[in-house]
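J.: One-letter residues, chain by chain:
Number of protein chains: 2
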Amino acid sequence: MTSGTDWLDDVRWNADGLVPAIAQDATSRAVPTLAWMNRDALKATADTGEAHYWSRSRGKLWRKGESSGHVQRVREVRLDCDHDAILLLVEQVGGIACHTGRERCFFRRLDGGAWRDVEPVVKDPKAIYGEG
Amino acid sequence: MTSGTDWLDDVRWNADGLVPAIAQDATSRAVPTLAWMNRDALKATADTGEAHYWSRSRGKLWRKGESSGHVQRVREVRLDCDHDAILLLVEQVGGIACHTGRERCFFRRLDGGAWRDVEPVVKDPKAIYGEG
Chain C
1233 MTSGTDWLDD VRWNADGLVP AIAQDATSRA VPTLAWMNRD ALKATADTGE
1283 AHYWSRSRGK LWRKGESSGH VQRVREVRLD CDHDAILLLV EQVGGIACHT
1333 GRERCFFRRL DGGAWRDVEP VVKDPKAIYG EG
Chain H
1233 MTSGTDWLDD VRWNADGLVP AIAQDATSRA VPTLAWMNRD ALKATADTGE
1283 AHYWSRSRGK LWRKGESSGH VQRVREVRLD CDHDAILLLV EQVGGIACHT
1333 GRERCFFRRL DGGAWRDVEP VVKDPKAIYG EG
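Which chain is which? The protein sequence lines are C and H, in order.
For reference, each letter of the first sequence is one residue, going 1233 to 1364 in this note's numbering.
For reference, each letter of the second sequence is one residue, going 1233 to 1364 in this note's numbering.
Isolated chain C, as found in the complex (with noise of 0.2 Å):
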């Protein structure tokens, strides 16, 4: 039994197409990433096995760790009870998924009424990305 694409209308975009999709680390059960995915991002997660995303800033489809080679291997793709939200299981190549060289986006916590920086920068992302 094959559904086509139909699974990718069961999903509720919103107005601009898109939805958040966590990435949580299979092995490790931390949180990296939110990001956000188009129609065809999410079809490409689920064609290729590896994390596909929108860049809202950049306008485009972005394999994630095409840059930097630290991609997502998808294990699972999940959908929530509101059809509005993904979450995937995945194995994060390289142990990195921040673009400023941590291991995980949300790295500034709530402490005292401000934000404070609590997770090291694990490689300088000049050395990730270049100089360019």
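Calculated directly from the structure, the hints in this document are not laboratory data.
Do not take every clue at face value.
Which copy? The list can't say, so a pair holds if one copy fits it or any two copies do.
[As the list claims (entries may be wrong)] Here are the simulated EDC-like cross-link-like pairs (lysine to aspartate or glutamate), alpha carbons at most 20 Å apart as the crow flies: (1) 1355 to 1314; (2) 1355 to 1298; (3) 1292 to 1314; (4) 1275 to 1343; (5) 1358 to 1314; (6) 1275 to 1248.
Since chain C is already given, all that's left is putting chain H on it; use the hints.
T.: Below, chain H alone, put in the same frame as chain C:
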């Protein structure tokens, strides 16, 4: 040193004044929910230590668990690199986060081109919310 509510200005609210907020169970590390916060919801979360969200369907501030009793006690509030997504580490009271009576909202898994329900209903929603 107190900073009043400056920390709320550090959040990049979207055009509707909202950001997506992931809850992660501090013990099991599961991700039960993604919901939305406005400024008041984030402030109430920080002030009370219980997760508050903005209900887009009902158009009102919503203390998670106010009807069901399934409160999310917040241990940690995190902000991501782009300042536009929140991660909460929570204790999920009652072990049920979803209005369908399941442990978590991400109960559909993509499997062979279709979404399949892969998590059991732990408690009948009628027993949680009443028949009304």
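J.: Could you run down the list of hints and mark each one as holding or not?
T.: Taking the hints in turn, this is what the structure says about them:
no.	hint	in the structure
1	1355 to 1314	between (38 Å within a copy, 18 Å between copies)
2	1355 to 1298	within (17 Å within a copy, 43 Å between copies)
3	1292 to 1314	between (26 Å within a copy, 17 Å between copies)
4	1275 to 1343	between (39 Å within a copy, 13 Å between copies)
5	1358 to 1314	between (40 Å within a copy, 18 Å between copies)
6	1275 to 1248	within (17 Å within a copy, 28 Å between copies)
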